[in-house]
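Chemist: This is what each chain is made of:
Protein chains: 2
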Amino acid sequence: MRISKYFLATLKEAPSEAVIDSHKIMIRAGMVRQLASGVYTWLPTGKRILNKVEQIVRREHAVVGSHECLATMVTPAELWIESGRYNSYGDNLLKFKDRKDADFVLGPTHEEVFTTTVKQEVFSYRQLPLNLYQIQTKFRDETRPRFGILRTREFIMADAYSFHQDWEDLKRTYADMEETYHRIFTACGLSFRAVEADNGSMGGAGSKEFQVLAEAGEDLIAYSDTSDYAANIEKAPALPSSERQAPTKEVEKVHTPGVTTIESLVEFGKGAYDASQTIKLVVVNGATEQAPLVAIALRGDHELNEVKAEHHPLIASPVTMANPGQIEEVFGAKPGSLGVINCPVPLIVDNTALTVSDFVTGANDTDYHYFGVNWDRDVTDYHSADLRNVVEGDPSPDGQGKLLLTRGCECGHVFMLGDKYSKSLNFTVTDENGQNIHPVMGCYGIGVTRVVAAAIEQNHDEWGCTLPDALVPFLVGLVPVNYNKSQAVRDFAEQFYAELPLKEEVYFDDRGERLGVALADIDLIGVPYQFIVGEKNLNNGQVEFKDRRTGEKELLTIEQAKAKAKALLENYNK
Amino acid sequence: MRISKYFLATLKEAPSEAVIDSHKIMIRAGMVRQLASGVYTWLPTGKRILNKVEQIVRREHAVVGSHECLATMVTPAELWIESGRYNSYGDNLLKFKDRKDADFVLGPTHEEVFTTTVKQEVFSYRQLPLNLYQIQTKFRDETRPRFGILRTREFIMADAYSFHQDWEDLKRTYADMEETYHRIFTACGLSFRAVEADNGSMGGAGSKEFQVLAEAGEDLIAYSDTSDYAANIEKAPALPSSERQAPTKEVEKVHTPGVTTIESLVEFGKGAYDASQTIKLVVVNGATEQAPLVAIALRGDHELNEVKAEHHPLIASPVTMANPGQIEEVFGAKPGSLGVINCPVPLIVDNTALTVSDFVTGANDTDYHYFGVNWDRDVTDYHSADLRNVVEGDPSPDGQGKLLLTRGCECGHVFMLGDKYSKSLNFTVTDENGQNIHPVMGCYGIGVTRVVAAAIEQNHDEWGCTLPDALVPFLVGLVPVNYNKSQAVRDFAEQFYAELPLKEEVYFDDRGERLGVALADIDLIGVPYQFIVGEKNLNNGQVEFKDRRTGEKELLTIEQAKAKAKALLENYNK
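Chains as they are written, first to last, in the UniProt record's numbering: chain A, 1 to 574; chain B, 1 to 574.
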């Protein structure tokens, strides 16, 4: 590619609103431009990367026997009303009317469309299983698009849907698709983890996220230091690391003026105990009329896991905190002094909190705490559940090793949906015995645009992109120094370029820009293998080669340089 | 591809609303399904064809140096307000609000987005020319989507935009893009014509349409029987084929009771004259306050060309007929009796009508006509213009041969836009002298989804698709007879399939369906090269080969069959 005729659009500075590195780099490298909040145009350099991801996705879906379709982007509202998600999906679902006042949505996901389409064609178990996918632009009207391309409103998904006569068959395809996703992220050259995940609003029976590891990721991942176990922190079971000791102290009510936080409570103790020996109360709104408030007891140093709480039958979903006025009215004490003894609302104790003995907790009396409290002796009426986030050092749930935490960008998600959509959209087939059954479904999604951002988040340095070969915008760079001034350099570079195969992967900087600008641009967009042609080296029969990722430079003979560039291009994507 | 695991979705009957052949076939062949009026999902067989068209489009755009982008589908309304098209585009522009009440449109075309994007990056003539394109799903809220995939609301376009410092440079790229489009349609294997066309609402200085020839096409194309000349009938200049003769008759006013149409007027003459010797008046609304009505005089056997009329400064655009009450009030006569003598409103005479002498026309007196009328003697106050549709036999405008008419589907359109958008969106660059200039633009579009429908419209027979090799869903078919019953057939077919390269292009019907069903399906989707494996032939060491397009069958030896299938696959797309 002659860069003089290319739309490079690199910038010296990132716009001030760009906070994370991938966002800054993607703007500076001329990959994307924002046209409206969370709505981006992809410029040629970005689109080249996007196309490479799509190509890998297509290839691997063909291998697993998933057939490409293209569903409608503009979708009749009635399908979403039928499935029940027209309202439950919330304001992220963009609704509009056409010129004839008919209701439509811009599809953010396509369970409804694919189920409806398959339902119209498939009547017998003999037509199953089916595995269909598409690569499509989607729209989710996020209230707060952020992190550049990681969380946009308009984005590209590769979403697959599979249909099965029974769970056994679903599980087979689910496993195949999980394997397909492993192959896709591996082919992209990314460091990633498949982690257990919550099904969220999608419903169904099981799911895994494919997390591309990166500091700026929105997700926290817990993984075993010994085994393959990994889970989104939303989902990772939190196990106590020790058993409860027998009580050694009696309950004592202590005046603790001004002590309303765990921090100040520990300070008050002057080293006699730490936060792990305190129990805090989080009061949330309940799911039932009988118990409009529910108290959750956690160890002072632990955090509530809202996704786990959401699944508890007594707790309203989504989780919302009780308001302070209501708490004071019911508990007769201010929020900073709540505790587990004589709790006036249903009490759910986190499993790990249950292993603490001789602990400190609020007295449900403003400015007072109880010391030396013990479960079952002093508090008897409670439920127990796993309601906290895991922390580093917790036992791995698979019994092997301890958990560590890392951050990731969720770029893929596989779901066992079960019959949620075949039931709500009334899709049945006849089984072997002629009985009507609801097929069970899986759904699978890769955020294609997000993969590009996550890949850059994971692979960059202070100068720009260091993407793996599979995803680079160009594989080989050719930078003539003083292209416009030195006839010798120009002639040699033109000759070099003319001899190369796969020219669409060659970044040939024939712009005649200053060397500093040329080198900054090629590093910014991240061309991994750079050949720099200068007159002085040329006079010595040499060309400089630079490895973009390591920064290492070496002088090659002209023959070596040509052979190396040709070999890189000939072996690309083989 | 094993069809047992494929989503074939063929149907015996087309839905009753499908009128044209491509629509019927695309539904029956399981290529598309309608989800809402003019909104279709592409099933795997259709998507396979679509992907082939897209691949050709990508390849040829790379050759011409057009760089792929992907602009936003959801577009801020302000860009369209700035360009002036927010209102002028009409109700086909789908408008909506996001959750924050901001105004957006679903892009039906992207001049605004590309001009705005380029304007933000390009400041100097040295950064030009630029040629960018995208392949994108678009939405045009047609009031009456029809003809299946030929005129949908949601559709895929490959749209390119080029930017230039001057007209000379634009013309160069315009010519290159015209050549690119020729290569694309040729590579698709289609019979097409590039025809001169009206610029319509796009504005600008020149345009050509690429018309895929097909009976069901919405467009009428005039072309020379001798030269390369071709134009949309909207645009084709209508030249008189003879000069006006001198008058031989005097004007005579004749009572013609009940004669209100050209047909009845000719009948009234009992062979004394034909429709070509009559002059009719069409009264339309005017463009100016001074002349709210305008009369157009045409030969009785000619049709008004509304696009030509639209461009006339006295005629309102779009063309609307005057209402009969108003006509009667102004002319003092009923619409069936209007004529060119003493016409009370501005009169525009079609150039060809001006060559008639001794003609018959209405007398502007109900139930009366004038006979023996002659221009300039009897009628002096008139304008003249080309306002009619050409007819077969008219002289070709290039002076070579006569015009013939044929029908086509407009599948591509190239435009010289000029500075319409750079002016309205205030895009300037500095030229060589440091002066600000508005770059001139070209825009170029291929209806990718429409190409598939037009290709089928052009290439089908009573059994289904006969697409050219470049666009077939599968190249080679393998149909075992009694796959589920004959072990010999099954083993042989499996072996045959196993030995073939490029399996994604092989339609291997391993469903075990009845032979009639299997052969109907493979003909319907149009697999061009079919190998039918039956036990009897196999026992003779033979396989039947069928050419889908000619219907010819021949028996090949097993070795011949294998070699032929391999050769077809190995040479595909080379």
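Treat the hints with care, since some could be wrong.
Intra- or inter-copy, both count: the list cannot distinguish identical chains.
Taking lysine to any residue and the SDA-like style, the derived pairs with C-alpha atoms no more than 25 Å apart in a straight line are [what the hints assert, rightly or not]:
hint : residue 1 : residue 2
1    : 423       : 191
2    : 562       : 491
3    : 12        : 122
4    : 423       : 555
5    : 574       : 501
6    : 553       : 537
7    : 95        : 142
8    : 334       : 530
9    : 564       : 530
10   : 171       : 7
11   : 5         : 35
12   : 12        : 146
13   : 564       : 304
Hints listed in this document are in silico derivations from the structure and should not be mistaken for laboratory results.
As the structure is a computational prediction, the values presented were derived from the model and not from experiment.
Chemist: Evaluate each hint against the coordinates.
Modeler: Structure-based check of all given hints:
1. 423 / 191: neither (38 Å within a copy, 48 Å between copies)
2. 562 / 491: within (15 Å within a copy, 51 Å between copies)
3. 12 / 122: Answer is between; shortest inter-copy Cα gap is 15 Å, intra-copy 56 Å.
4. 423 / 555: Neither. Shortest intra-copy (67 Å) and inter-copy (51 Å) distances fail the 25 Å Cα cut-off.
5. 574 / 501: Result: close both inside a copy and across copies, 14 Å intra and 17 Å inter.
6. 553 / 537: within (13 Å within a copy, 67 Å between copies)
7. 95 / 142: both (13 Å within a copy, 19 Å between copies)
8. 334 / 530: This pair counts as neither: shortest intra-copy Cα distance 66 Å, inter-copy 82 Å.
9. 564 / 530: Intra 11 Å, inter 45 Å, cutoff 25 Å: intra-copy only.
10. 171 / 7: Between copies only: 20 Å across, 46 Å inside.
11. 5 / 35: within (24 Å within a copy, 42 Å between copies)
12. 12 / 146: For residue 12 and residue 146, only the intra-copy Cα distance (22 Å) is at most 25 Å; the inter-copy one is 50 Å.
13. 564 / 304: neither (56 Å within a copy, 68 Å between copies)
When held up to the earlier numbered hints, the structure conflicts with 1, 4, 8, 13 and fits the remainder.
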